[in-house]
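FYI, in our numbering the residues of the sequence shown are -6 to 132.
None of these hints come from the bench; they were simulated from the model. Glycine is no exception: its CB is placed at the ideal position from the N, C-alpha and C atoms. One thing to keep in mind: the hints can contain errors.
Label pairs and their calculated CB-CB ranges [to be verified]: (1) N80 x G100: 20 to 26 Å; (2) K99 x T78: 14 to 20 Å; (3) V120 x A1: 28 to 34 Å; (4) L11 x N80: 20 to 26 Å; (5) A1 x Q39: 29 to 35 Å.
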Amino acid sequence: MTKEEIHALLKKICKNTLMETLDIEVSEVGDDYLIAKMPVTPKVHQPDGVLHGGATVALAETVGSMASFIFLNTDEFYVRGIEITANHLKSISEGFVFAKATYLHKGRTTQLWDIRITDEADNLISVVKLTTITLPKKK
-6 MTKEEIHALL KKICKNTLME TLDIEVSEVG DDYLIAKMPV TPKVHQPDGV
44 LHGGATVALA ETVGSMASFI FLNTDEFYVR GIEITANHLK SISEGFVFAK
94 ATYLHKGRTT QLWDIRITDE ADNLISVVKL TTITLPKKK
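Could you build the full structure based on these sequences and the hints that come with them?
Encoded structure:
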């Protein structure tokens, strides 16, 4: 599948989902990583006007799960997140945040993703670890 086909597929499957609600878009697909971006607007703020940690975690789980979806055989398996941890290091109130998912471990059953959330100036906003599991589809 080409990068253009991957972008089109991910855009299609995100229709009417949380990803569309949060305006999360894939911005880059590499051979072993995926980057998505999300605008930081009042829609994703906590009451004091900065990016909500829950929105950050939703972005991270989205990019990790999307990466699992495109880098694993999803004809035979489906992917689910089973654990996520996040450390929020810096706040942001406007602009965009970018989430880059890369493998730390790519096993047959479980995968461990390192997801770095940065701002437009490449400042580290959050560090997230996501564990996904591949389960066989029932035939």
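Going down the list of hints, with the structure as the test:
1. N80 x G100: 20 to 26 Å: The hint (20 to 26 Å, Cβ to Cβ) holds, given that N80 and G100 are roughly 24 Å apart.
2. K99 x T78: 14 to 20 Å: Distance hint for K99, T78 holds at roughly 19 Å.
3. V120 x A1: 28 to 34 Å: holds, 30 Å
4. L11 x N80: 20 to 26 Å: Holds - the Cβ-Cβ distance for L11 and N80, about 22 Å, lies within 20 to 26 Å.
5. A1 x Q39: 29 to 35 Å: holds, 34 Å
Checked against the numbered hints above, the structure breaks none of them.
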